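Asks: Each chain, written out:
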Amino acid sequence: MQRVVCHFCDTLHEAPAVPEGTAARCLRCGVVLYQNRPASLVRTTAFSLAALALMGIVHGFPFLIMRAGGMQTELSLYRAAHELVKEGSLVIGWGVGLCTIVAPLMMACGMLYVCTPLLFGRAAPGARVVARWISLTEPWNMIEVFLLGVLVSLLKLGQLADLEFGTGFWAFAALMVCMAAAVAGIDRNELWDRLEVAGE
Amino acid sequence: MRRRLPKASDEGLAGCHTCGKVAAVSEGRCPRCGGKLHLRKPASVQRTVAFLLAAAALYVPANILPVMVMSEWGDVMESTILEGMVEFWKREAYPIAVVIFVASIMIPLIKIVALSWLCAAATGRVKPSPQVLGRIYWFTELLGRWSMVDIFVVSILVALVQFGTVMTVEPRPGALAFGGVVVLTMFAAMSFDPRLLWDQLDLEQATDTIPALPDNE
Ligand SMILES: [Zn+2]
Ligand SMILES: [Zn+2]
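Protein chains in written order, with the working numbering: chain A, 1 to 200; chain B, 1001 to 1217.
Since no wrong hints were added, every one of them can be taken at face value.
Mimicking DMTMM-like on lysine to aspartate or glutamate, the simulated pairs with C-alpha atoms at most 25 Å apart in a straight line are:
id, chain 1, residue 1, chain 2, residue 2
1, B, Lys1036, A, Glu190
2, B, Lys1041, A, Asp193
3, B, Lys1036, A, Asp193
4, B, Lys1041, B, Glu1141
5, B, Lys1041, B, Glu1204
6, B, Lys1041, A, Glu190
7, B, Lys1127, B, Asp1199
8, B, Lys1041, A, Glu14
9, B, Lys1036, A, Glu14
10, A, Lys86, B, Glu1078
11, A, Lys86, B, Glu1072
12, B, Lys1127, B, Glu1141
13, B, Lys1127, B, Asp1202
14, B, Lys1041, B, Asp1202
15, B, Lys1007, A, Asp193
16, A, Lys86, B, Asp1075
17, B, Lys1007, B, Glu1204
18, B, Lys1007, A, Asp187
19, B, Lys1041, A, Glu138
20, B, Lys1036, A, Glu196
21, B, Lys1041, B, Asp1010
22, B, Lys1036, A, Asp187
23, B, Lys1127, B, Asp1010
24, B, Lys1007, B, Asp1202
25, A, Lys86, B, Glu1170
26, B, Lys1036, A, Glu138
27, B, Lys1090, B, Glu1072
28, B, Lys1090, A, Asp162
29, B, Lys1041, A, Asp187
30, B, Lys1007, A, Glu14
31, B, Lys1007, A, Glu190
Stretch-level coverage of chain B by chain A, calculated; a stretch enters the list once three of its residues show a Cβ under 8 Å from a Cβ in chain A:
id, stretch
32, 1010-1016
33, 1163-1177
34, 1184-1196
Some, not all, of what chain B presents toward chain A, calculated at C-beta under 7 Å:
id, residue
35, Cys1019
36, Gly1020
37, Ala1093
38, Arg1145
39, Trp1146
40, Met1148
Keep in mind that the hints were calculated from the coordinates and are not lab data.
What you are looking at is a predicted structure, and each value in this text was computed from that prediction instead of being measured.
Just so it is clear, CB atoms sit at the ideal spot from N, CA and C, and this is done for glycine as well.
Just chain B, with the same shape it has in the complex:
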């Protein structure tokens, strides 16, 4: 059996989160930048799950409450994120409808599901390959920010469409719920420690080969 590559935590070393310096975790703080040193992010899975639950709870009001209201000559029309997308679709602006659907509806949902899956894998409840999981993690961190686009659209419309009785746009509480979902899923991704996935893999390989033969490299 091939010996696995050495891990920093085997030797009580930690890579600093902020500056990347390798230092003994017993020092407590990074000698280079002063950041706190941890072998693993503390309570990573618990914190990630907590943020995910909060995000999932807000996901419902974020999608059923209107995010803004437009009044045109006294005609008041509230619209949710989904209605905004449908409107583009009806006007045959398909690419933009798809962008909104992916950024606002799919990405938050994918992030919540993917991070829950990662938490399950990190605690050994499911056993997929860590390479795949690593890629999922990287993907969720990269894409999460784009969900913010609808919040910016609301802010832009509110700033631009201020024509007194002719036409105005005002924000509605749905926008707050939606912004909450985006920020909470970002915090969830930041709290998760991908190294736990590899720890779990090493643990499984160690137990798989308990009647271990002596290493012949």
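Excised from the complex, chain A in its bound form:
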């Protein structure tokens, strides 16, 4: 029988397979140990693919368009990071770019790269390295926080100038949902079990 350790309290459990759509919880502290999610690989692959497509739209169209004094500016993810760098705030500029552009891109590409071949029972070359990178990147993917930032900014500027939502904003909201669904689609233990079975 395979065994599993609770990462929270270190209790050692036997790990029987659980029915689809349910989770096994730690006997001592109640934390979720592992889950069996329905159609996990298909879901993660599909949502990652959708997320990548949406990223294309997000980077192609502005989030907000602002007009003042006969001029017009546009907000995009790239400009939000780049203008800070241009103003001399290198560290924050790169940090913002990392959390809103690099991390989501790495996660979507990584999940697609690992999960698509697994659908056919194979492991892509270097899949283990990529899977490790996905879990390292996850805490730094902050698109949902950026979305809240857009809303706060909108309220802040609303009375100063003329503001308009762009296509990028709606694509970004959809991207947030797809990324969350892709990440929630597969259980870490299941992913690694499948990688182990598929071999490299």
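Following the hints, put chain B with the ligands in place on chain A, whose structure we already have.
Replies: The following block gives chain B with the ligands in isolation, referenced to the frame of chain A:
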């Protein structure tokens, strides 16, 4: 007395941080993903405390230094995080003022206090119930990221409000200090090992029952 559930560390086993594989810690590296195996995160409390001290030191400049400056027709106005919140409050945008207050001022502070408390509990200085502490830990890990919202607001305003002499927004060093607080508290939460809380509990229960009766289950 009821025997407690077996722990992986009792048998020299470790759950891999990255992939969850259970392997003997003597192997050094996880046979499945190659990650380093530890019974407990190394120097967890020391590292957490170090990150917390740095975060607490930056918390002051993060809140008193302006995070950005807005100039409108030559009128220059610097604003701190707190002033940004007060401005929303004055305009009667109460929900957004509350969101900013919670995300930017309360959450970092709660995280610093809560993690310090957890470190004290992990070293046996305070003795609360680990279920409660576990919940606090989970909460701090989940909420920490939302503090970043003010950094994003600065980045968005700097990108959008570029109208030459009419109106411009520029970042100020307070933003760097504030971002530092958020990132340092995130590192602190990542460095902390919640299993230490349960180890401490087991230790106390073991010493409480030293004249132990034979186990009758
Ligand atoms: Zn547990
Ligand atoms: Zn591993």
